[in-house]
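Letter by letter, the chains look like this.
Number of protein chains: 2
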Amino acid sequence: MRSAGSELGAAVLAAGLGERLRACGCPKPLVRVAGLPLVERAVRTLRAGGVRGKTMVVVGHRGEEVAEFVRSRFPDVEVLENPDYARGNGTSVLGAVPHLPERFVVAMVDHVHTPDSVRRLIATPGDFVAAVDSRPSFADPGEATRVRLESGRVVALGKGLEPYDALDAGLFVCSRAALEPLGGEPGPLSWNAIKRKWLASGGELAACDLAGAPWADVDTPEDIERAVDAVLAATRGSRDGFISRHLNRRLGRGITRRLLDTSVTPDQVSLMSFALAAASAGLLARGSLAAGGVLVQLSSVLDGCDGELARARLESSAEGQVLDAVLDRGADALIIAGMALGSRSRWGVQAGFLALAGALMVPYTRARWEAAFGEVPEEFTGFAATRDVRLGVLALGALTGVPASALLAVGAGAAAEVVRRLLALRGRRLGERDGREESGGEHLSDEDTLGDRRFGGRGAGGAYGGGAG
Amino acid sequence: MRSAGSELGAAVLAAGLGERLRACGCPKPLVRVAGLPLVERAVRTLRAGGVRGKTMVVVGHRGEEVAEFVRSRFPDVEVLENPDYARGNGTSVLGAVPHLPERFVVAMVDHVHTPDSVRRLIATPGDFVAAVDSRPSFADPGEATRVRLESGRVVALGKGLEPYDALDAGLFVCSRAALEPLGGEPGPLSWNAIKRKWLASGGELAACDLAGAPWADVDTPEDIERAVDAVLAATRGSRDGFISRHLNRRLGRGITRRLLDTSVTPDQVSLMSFALAAASAGLLARGSLAAGGVLVQLSSVLDGCDGELARARLESSAEGQVLDAVLDRGADALIIAGMALGSRSRWGVQAGFLALAGALMVPYTRARWEAAFGEVPEEFTGFAATRDVRLGVLALGALTGVPASALLAVGAGAAAEVVRRLLALRGRRLGERDGREESGGEHLSDEDTLGDRRFGGRGAGGAYGGGAG
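In order, the protein sequence lines correspond to chains H and Y.
Mapped onto numbering that gives the first Met the number 0, the consecutive letters of the first sequence carry residue numbers 0 to 468.
Mapped onto numbering that gives the first Met the number 0, the consecutive letters of the second sequence carry residue numbers 0 to 468.
Source of the hints: derived by calculation from the structure; they are not laboratory data.
Note that CB positions come from ideal geometry on N, CA and C, so glycine has one too.
A portion of the hints provided could be inaccurate.
Computed footprint of chain Y on chain H; a stretch qualifies when at least three of its residues, placed anywhere within it, have a C-beta under 8 Å from a C-beta of chain Y [claimed, not checked]: (1) 306-319; (2) 358-369.
Looking from chain H toward chain Y, a few residues come up when the C-beta cut is under 8 Å (computed) [stated by the list, open to error]: (3) 355; (4) 372; (5) 424.
So here's chain H without its partners, still in its complex pose:
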């Protein structure tokens, strides 16, 4: 591990007045957006995006309140008081520079970003890099600093700049060496003025184009809603199926939005979704198909909210994901068993066993594949392979009075998907073997990895065979 001194640090600028948000009652850095005070969101986003080194929050206006909050929430974050904050936010950056590692991120506390944008920014080379956005979807072009670009670099910037190519997204990577010479004179000193000074001195300001990634700056109470939209837009699951994209997420987004500022945890949402599924199973087993079908779909909608909520609050965890996944399997089992028993026909029960086996084996093959190979092929998220589609078909079958047919459809679709994955497994093995034979004739020194490939699975030892608990 590298020492903290050589790791990427960060400075969060949280010293400004934030007058237009005075109505919120608290200092701007403590205004809650999508469940988190802005300063907490900024620090968490930076950490989640890959900032591992010293992180610093620069406070000024109502600095004591902000400092107290930061110290209580992040014992490992340093707070720097900037008595000069009234001269402009440039003084906050220059004040922090001597305390930061050689390379660091500068973030505005009132700019809401995703960890992914931070990752993209810090992967961009350069002594001074600005995140810009050529296709802003949530930020206000009238408010933001505009930039003009030439061959991937910022060449001019300003609030009213015309023409302009992109907006300044309020997120930067800087090197100490670049910023240290730029201070000095008394008088107003904005961060924009420092950037202009850098350009005037012949420095290169590289641009990292976020190109439509969700972000927003928060200056007015109205901006808060826009920022929440941006946060929620970034929580879309990458494995959403058809029904999730077109129905569940639209309904679920409203629920998630309402939950954001409550104390309800994502795990509790997972449990609520499971409870709804259990209730629907009871109704279905008793023959109340319509009511049961509605609850199935509600449970499916709510199932998307736990992850959204966790991601929006930047508190996703692998444990939460495992809990959600296991509860989903239990919920599916209850729903399918309830529907099969409620069908009161032998073929409904047979279809139920097929559907249950399929609904559990599709995610099982994914999990087992991921455990064995570390990643899962894109094509595993096919039309019929996602939970939202399975539950949608079951709900529809219940509502239209054909539960057994719905079970059969789900079971047959899932069985086909499992077979498709087993064929992919076979393809993977044959591919490995071909690769081996092709490289077989080369010289040993080019084949260091041959042994790894050939004997790769063996180290796992006991994983094969009998005890598959």
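Since chain H is already given, all that's left is putting chain Y on it; use the hints.
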């Protein structure tokens, strides 16, 4: 990646006469033991045990036949002809030394070892290390070279040595610098003589005690059976449940032994086990409980043989393990559905849904846990948590005419195990949180990993929530 020159190499000594195996008709290195010619087994074992550098097979007696086989099987292994082999196997080592990297393993082609023993040997520090065995279970103390040990080093060696502490297991790590000065004179030169010369010159011969690990040397036709025993002993699954240990493995070992020298692949055994399960499901669904129960248990026995066969032939693969695991889930689904439908009672069907959900969710929680955290706690292999036990209960229930009760028992046991694992998940999360709070007050530089822990799951992004296909 390090260059091939700096990686651990290996020399397999395959030049000797092997007179007592002449009856086998082929040169000793080509005598098949547990499905593989000795020389192929030696090379595969070394590779699987971690040898990544230049590997060399030294041939002498009937060298052309052995060389041709090695070249056809391993294009990346070098063959060295030793015209002097009749002077003793020491000449084979010294002849190979100039062509080998600085550090290399020396293996006797007629000593059968496991990859794990190779791993342990090469992890032992020293310029010259010998694998020895203080508790030999398969080797013949009358035949083998004996060694006397003092504080972890070999201090004397010889065929008839008395008293002795361990057997020489015919597997060494040497450095070129240690061996280069030890040649020279004409006349007989055994590998044992070289080791004695090294000791006499004040060199240290470190001992790596295999302490009962399965290995055997093969000099006579009778030795072959002993070596097969050793190979099979090393294939025991680390996750065997109660029934597997006490019943299935005993029956299955005989089947595996018969399959070793056939062309049947492990995947084909997996498919046969699945086919048996499908046949048993058909019988159970028709109400033929006794016949169905017998087939269930046979399928369970055969399920252990695919992994044994793959490990004995040193051809385990992650793909084979995934195939086996997915087929096992399908087989369980068929057996449980067949039994539930065959019970012809509503409560049998209800118990069937519970059993099917449980039998699939127990392995699902394991796979999902492994995919998320990379390793699985020991306690996941509890009494009721393994497939052999679930199938044993079902087979017994069918044979004794109480299929519904057996399904209920399997379902209840599995449900309890799933709940136990969810509690373990909760414990894991609480543990993480405590760890975080404890270390929260320390200085940043000691907390480089804090960010990783706190935001660990987030990088996975889309894994949470809706689409769980």
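Checklist entry - If you take the shortest Cβ to Cβ gap from residue 372 of chain H to chain Y, is it below 8 Å? => result holds, 6 Å
Checklist entry - If you look at each residue in the region 358-369 of chain H, do at least three have a Cβ nearer than 8 Å to any Cβ of chain Y? => result That given contact holds, which follows from 11 residues of the region 358-369 of chain H lying within Cβ reach (below 8 Å) of chain Y.
Next on the checklist: Taking beta carbons only, do three or more residues of the region 306-319 of chain H come closer than 8 Å to chain Y?
Outcome noted: Holds, because 10 residues of the region 306-319 of chain H bring their Cβ atoms closer than 8 Å to Cβ atoms of chain Y.
Checklist entry - If you take the shortest Cβ to Cβ gap from residue 355 of chain H to chain Y, is it below 8 Å? => result holds, 6 Å
Checklist entry - Is the hint on residue 424 of chain H kept, meaning its closest Cβ partner in chain Y is under 8 Å away? => result holds, 6 Å
This entry satisfies every hint, going by the numbered hints stated previously.
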